[in-house]
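> With the sequences and hints as input, model every part of the structure.
Read top to bottom, the protein sequences are chains A, B and C. All the letters of the first sequence, read from the start, carry residue numbers 12 to 548 under the numbering used here. All the letters of the second sequence, read from the start, carry residue numbers 755 to 1082 under the numbering used here. All the letters of the third sequence, read from the start, carry residue numbers 102 to 376 under the numbering used here.
Chain C stretches covered by chain B per the calculated footprint, using a threshold of three residues with CB under 8 Å from any CB of chain B: (1) 221 to 231; (2) 354 to 366.
No more than 27 Å apart at the CA atoms, straight line, and that leaves these computed lysine-lysine pairs for DSSO-like: (3) A:K216 / A:K544; (4) A:K474 / A:K245; (5) A:K410 / C:K285; (6) C:K264 / A:K369; (7) A:K369 / A:K292; (8) A:K474 / A:K265; (9) A:K372 / A:K292; (10) C:K264 / C:K285; (11) A:K369 / C:K285; (12) A:K372 / C:K264; (13) C:K285 / A:K372; (14) A:K245 / A:K265; (15) C:K264 / A:K410.
In case anyone wonders, no lab produced these hints; they're calculated from the structure. Glycine residues also receive a C-beta, built at the ideal position from the N, C-alpha and C atoms.
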Amino acid sequence: MSEPVLRIEALQVALPAWSDRPLAVDGVSLSIERNEILCVVGESGSGKSVMAKSILGLLPAPHVRVTGGRIVFDGRNLLEAGEDELRAVRGGRISMIFQEPMVALNPLMKVGRQIDEVFSVHTDFNAQRRRERVVELFRDVQLPDPESIVGSYPHELSGGQRQRVMIAMSLALEPSLIIADEPTTALDVTTQAQILSLLKELQRKHGTAILFITHDFGVVAEIADRVVVMRHGKLIEAGATQAVLREPREDYTKALVSAVPSLRPRHLAGPRAPAPVLEIKALDKTYGGRASLFGGRGREVHAVKQVSLEVPRGHSLALVGESGSGKSTLARCIVGLESGYSGEILLDGENIAGLTRKQLKPYRHLVQMVFQDPFASLNPRNRVGDIIALGPILRGTRKADAWERARELLGLVGLQPDAVSRYPHEFSGGQRQRIGIARALAVEPRLILADEPVSALDVSVQKQVLDLLDELRQRLNLSMLFITHDLRVAAHVCETIVVMCRGEIVERGSTAEIFANPQHEYTRQLLESVPGKQWDH
Amino acid sequence: MTGTRLLRYLVRRLLQAIPVILGVTVLCFLMLQLAPGDMAEVLAGESGGASPGYIEELRARYGLDQPVLVQLGVYIKNVLALDLGFSFRHNANVTELLLERMLPTLLLMGSTLLLSVGLGALSGLFAAIWVHTWKDHLISLTAIVAYATPLFWVGLMLILVFSVWLDWFPTSGMENVVMFYEGWDRVVDIAHHLVLPAITLALFYMALYARLMRATMLEQRGLDYVTTARAKGLTERQINFRHVLRNALLPVVTVAGVQVGALLGGSVVVESVFAWPGLGQLAFEALFSRDYNLLLGIFFLSACLVVVVNLITDLIYVLLDPRIAMGS
Amino acid sequence: MSTFWQRFLGNPRVLLGLAWLALVLVIAVFAPLLAPNDPFEIVTDPFLRPFGEYLFGTDSLGRSMWAGLAHGARTTLIIASVATLASVAFGTVLGALAGFFGGLIDDVLMRLTEFFQTIPSFIFAIVLVAILAPSATSLIVAIAVVSWPPIARVVRGEVLSVKSREFVQAAVLAGQADLAILFKQVLPNTLSPLIVTGSLLVATAILIESALSFLGLGAPNLMSWGFMVGAGRSFLRDAWWLVTIPGIAILLTVLSINLVGEGLNDALNPRLADL
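Written out as structure tokens, the structure reads:
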């Protein structure tokens, strides 16, 4: 048994006095073996990121600081190393990849130069040699046209390309360990799949160990050799990936694993009602191209190209696509937040396309929206009761009746009715999302449009909200249109899937059909990219 | 960014400057209308320096019996032809007067800009590097007090201490007229006279840039790319100077450009305190002789100066920040 | 909100600033009682040194410096506050309309704002006061006219950022009218930076007012600190306190406002205070 690359022993990291708990990391011990990928999994607030940063001494001192334990690398305790020693290790022996490459790279410096720096700090290569190595690295990470990318600025590259640059930066000096802090969370599903496979390949080729922080169990299933589960700063469970995923021992791990939506599609039968609740015909929307008063023409974007679709009554349809697919634009057109499009939108048979704000008013209640960001979708200065009652009041309900209805709805979504007099900041993300659902239900809509309703929530809470939406749909016989990029979510709650790519619908069908037999190239790529798809539970 | 794109950007910005200059002209015209007496009297200048015949001539020339819009048109035409009227008090063409007195003001402006941006940014930089130490507290405290001091008072206090009590510097004026210095001696003499006025005008802005620089450096230091740089093994010094500094300078450049207009305003006060023979002093004199024509001329010229400086600042900013797309 | 007050009042700089401002306010309000004589009235021999029979001495004509300071406090505070209120009101409306409605309205209003920001503001103020003839009203108008652009920019920026938040979209979906959304949903969430900018604007207004009074453009029958410095200017060599004392009054008042304004900012945005 060879010596592990890194050993963390009883690490304790304290948080500043005003935080909600005293310790970010509470006595965590783990080790990373050579040539393995270890995933650290946890929800937000688990302390996984803090732990990763403390290895290289990157904590935002003096507020967050290590108060106990050892981190042993190469026979030395890094926590006791001097600044010079640490700097020699950073970038050279242990390197790090961060989550948001757009902000993790200096926007004013060419990317080639930023990697060149690693060499100039740690080696005495001359300029020529350094440049050769940089180009070589770019080729390794499969960046197109490495010679010219060297002279680009970060904002000139795509998200996936920027992350490849960061990976190149971390591989520059062949470190023994790479710490990757949620490196794919901000990327599209297909890009994420590419980056994950790149990391696996590079790891095998260079024999580096990787400490991979993530909240996504799918990613764990995809790349991890071993996995460690953290919660509230403590280590809950550790073990080989297959063992932990198939037979989790601790309750928390079990809950987390079962909360990940399965990829097995539901088979929901249902009589098809005669008239669809929503019918879209040849919707077309282009942005930009407007000449501003004082010069300059915006870039034109053809966001939605002649899209037609139908949502049958009482049905739940998923609109799946990545960023730039046009799904958000389409959603905004449906609810009347967008103008300047052509085509027809029929809600319950009435065409609302092209109506002015005033004309739209009587139709507003027909379709309501559940928004993505629970922290931005409720007005922080209004009480919950006001927020939910606004719609009914504007439709003529008396205030007292509207508030009564608000109390009923809060009970319906699983919250205490007395929440009506409290403010949004008193609630957690999942609870706020429930309030948002209650608000949407207040005007008795026929169609609920849920725009990525769970993507900003922790895994354990996601399942609760999805189940709630499903239950409400059945109980109230609602129709739902789900916008999502996550096929697991689509599989969990929707009977029909419509796949969009670059403004067009590329495939549509029942969930079961699409999963079993995808027709279009893009759909196949999407299905392939779902991390951990071979792990079926 | 190629040469032609830069040129096209320059041309576009110049074109955008035209409505501003036009706007200023219209504003001057409007204010002339507000002044007491009819426009010809105003343009002739008060203090009874003009004969009634001349005033009649002016009335005819500016078409004061014509509708207002025609008057406006004539006025604009004159201004753009750089005919800003005549000042009886000084017995000279306004335009000539302005050109004569512009140089001392530009000298004062230039040295103030250098001093305030240079020393200010430098102090801010070091305050950020030594953050939370006594050195930082000292710099920040000095800055916050300097930021609150009225310009005219600082000037008078500096004269009191350094001229009257210590006799290190002259109390007023741009040069020692009695001595008739030539060449290098003259330069030194002017520089000697420049010290107190420049420090007075620069003090407030030094404080402004110091605080701004400190704030932006600290803000940048909290950003992710700094953590990346640290994770690469760079020293704090390398991080500060190679990465953070350039990012932090951008807001300072922007603000410096905007402040030029305020600097010109400040020069009115400083030049009157130190009897510095520039545009500000001229404006002060024009105030008291109720020479609105001259006053408006100074206003117009300073607006033009601001437009030019804004353009230069924008160019500098575009050169520094590759994210700004010039062609769009 | 209680933590806001804790952070705000727990800041020693804020307390110092508030203390001085309270003092100035009390003196300004009770000036007729504290210094009953007209500040322009000649009471005794000129050039009496301070800390003698008259607490702050007398000026070149024999007027009481204390009366000047007390009544000057009134003038300065009133003019600065009214001017600031006017410019905040105007700037807020402009910025809110520009940010909320966007498009052509935004273009036009922003060009207007930029134009007013390009004009050298102090010189513009001088010209305005000179042409409108110096008086309290013309001072207020001049200061307000040059001070509103920064407010308009701040409000526009805030409105733009709040407008894009999802709860505003939810209000649209509920059927709320545009103006109702602007006033009930958006503006209440833009208050913090507005309050901070507004309070710092009072400091600028005081500096402008005293500079104008120094140059002789102050309201003719109102005593002002700037006027006192201007009047004492020729006697710098022999009676330097005539210049120093009113100047210190201005400095301390502006400094206090700045400290309180920044304390407000730090208390409203605690994360930034850690810097």
